[in-house]
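S.K.: Sequence:
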Amino acid sequence: MIFDLERESNPILQYAKTRGLRLILIFFIFLLFASCSGKVSHDELNKVLIPWPNEVVWDDDAFYPGEALSIQVTGARLEEIADHFATEVSPYLGITKVSKGVQGDLTLKLDPLTDLPKEGYRLEITADGIHITATGQEGIYYGLNSLKQLIRFNYNKDQAWAIPTGTIRDAPRFSWRGVMLDESRHFFGMEQVKQLLDLMAEHKLNKFHWHLTDEPAWRIEIQAYPRLTEIGSRGDWSNSSQEAKFYTQEQVREIVQYAAQRQIEIIPEIDMPGHASAANRAYPEFSGGGNPEHPGFTFNPGKEGTYAYLTTILEEVAALFPSEYIHLGGDEVHFANQQWLQDPEVRSLMEREGFENLKEVEYYFLQRISDALRAMGKKTAGWDEIASAGLDHHESMIFWWRHDKPGVLHDALDRGYKTVLCPRIPLYFDFIQHPTHQYGRTWKGFGDTLGVYHFPDSAWSGLGGKDLVMGIQSCIWTERIATKERLDFMTWPRLTAMSEAAWTQPEAKSYERFLERLPHFYVFYDKLQIAYFDLFDPESTPEPVWNDGPNWQQNHNTE
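The numbers in this note's numbering rise by one with no breaks, and the one at position 274 of the sequence shown is 315.
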């Protein structure tokens with residue numbers, strides 16, 4: 042296949058045209074590939090793959106798909122994945138299915154006896170056809186994802202085109218490759234969530250942590266308690282008078298199914314016993330109080346009815362989400378739980394159980410709710426504050442977020458808890474990502490793409506219990522993110538970098554190679570109208586203000 046510098050489908054040139062750098066890049070690419078004998082170099086081909094595969098070997102031949110690709114599926118479980126792939130590549134070529142026993146151009150095969158790891162795949166492209174093998178359907182999906190990236194780059198509508206031959210043997214470094222989106226503080230809606238899920242799938246990310254309740258608003262319909270959405274879903278971080286916005290249970294089911302088709306598990310978060318203000322506005326009889334800064338911040342741990350109330354809520358949540366875990370939050374309770382000491386039911390609880398302080402009351406609450414989840418067939422997830430609550434380490438997972446408290450991480454691992462690493466720096470994407478930015482958070486530094494890419498290896502030294510580290514997760518808190526434009530700007534390309542940190546083994550990673558590949562993905566983002574931050578030309582992408590509401594300038598920065 043000819044490497045045509047002028048062809049419209051060349052991603053480097055498309056990106057260069059948008060930035061006015063076309064002649065410079067043509068000269069650069071000419072010097073770089075002058076020795077390639079008129080063919081796409083393997084180095085150039087490698088630039089279209091993100092996250093970077095752990096083993097890539099290219100040959101010197103090619104497979105010519107023509108206008109359509111016949112696909113052979115062995116096993117009913119792969120039918121839906123094949124259909125999804127057909128939709129994804131429909132702008133480039135058609136997909137036809139062949140009957141059992143007939144050799145197709147593309148063969149998908151589940152082989153439980155192969156030596157590939159879980160979620161791993163082998164993609165073999167020969168002159169005669171393409172073969173993807175995996176032990177499970179996730180691996181087949183990821184193999185097709187890599188193939189899709191190759192098709193998208195090589196496709197040329199104006200002439201015969203080909204996919205170079207070779208083999209990719211790949212598997213993820215971590216089993217948990219997550220993204221958290223906070224929709225309590227600002228609500229984004231189904232279409233934005235679906236686009237995020239699409240992009241997660243593109244980057245082989247597999248866990249969507251959905252933060253649905255907090256102080257500003259409650260965002261999920263609970264049929265047993267309708268006031269949670271009638272009252273609790275009103276308002277957001279920047280406008281307490283905002284109209285009610287939430288997801289119906291039908292919408293939740295649709296999004297859960299949409300994610301599952303993309304091999305993504307959704308983990309809901311129902312925050313407790315703190316961060317409960319929105320729920321307590323709707324049902325104040327279960328409130329444990331708060332303080333002037335955080336009114337109605339806690340549930341009441343001394344009232345027996347609180348546990349029945351929350352159990353009913355969690356039963357409805359558990360029925361909507363097939364995930365293994367439900368996230369209970371459990372963080373920052375001390376911000377506003379002092380009114381517990383004045384509550385007669387809490388004092389009675391403390392006297393009855395022999396508790397000497399409010400921390401013991403907090404842990405009692407978490408243990409009871411965790412027991413309720415276990416009865417529903419679910420496990421407990423929570424922020425790192427719950428690591429000392431005495432929960433069963435076989436039934437609980439810790440999310441380490443306090444980057445300034447490494448001892449908490451070590452303690453959680455020493456206690457045998459499975460742990461997800463999501464420290465504020467560098468994985469909280471509400472933190473600024475460039476020294477010139479002003480609307481995000483800072484904490485003696487900020488979370489740039491370089492720091493994201495090199496995590497967790499930059500903090501890995503001396504860490505014991507690594508086998509209990511399930512993976513890493515970015516967290517998109519939305520106090521300073523209220524619009525789609527700003528959500529895109531704060532997420533991309535940092536999440537692209539994180540996907541490689543989560544997928545690719547350390548010895549196969551290279552930040553320089555990542556930067557060489559990023560312009561190809563900028564072209565992809567441009568087509569989706571994603572307002573990403575341009576690492577190569579920061580001044581060309583001015584930072585969007587975090588909100589266009591009436592009081593966005595108030596407290597626009599925070600530590």
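Do not take every clue at face value.
Pairs of lysine to any residue, SDA-like flavour, derived with a Cα cap of 25 Å [what the hints assert, rightly or not]:
1) Lys138 <-> Tyr299
2) Lys286 <-> Glu243
3) Lys189 <-> Val139
4) Lys420 <-> Ser216
5) Lys344 <-> Tyr299
6) Lys485 <-> His451
7) Lys550 <-> Leu90
8) Lys235 <-> Ala301
9) Lys286 <-> Glu357
10) Lys568 <-> Ala549
11) Lys507 <-> Tyr552
12) Lys150 <-> Glu243
13) Lys189 <-> Ala103
These are computed hints drawn from the structure, not numbers from a lab.
S.K.: What hint numbers does the structure not satisfy?
M.R.: Per hint list: 2, 5 and 10 violated.
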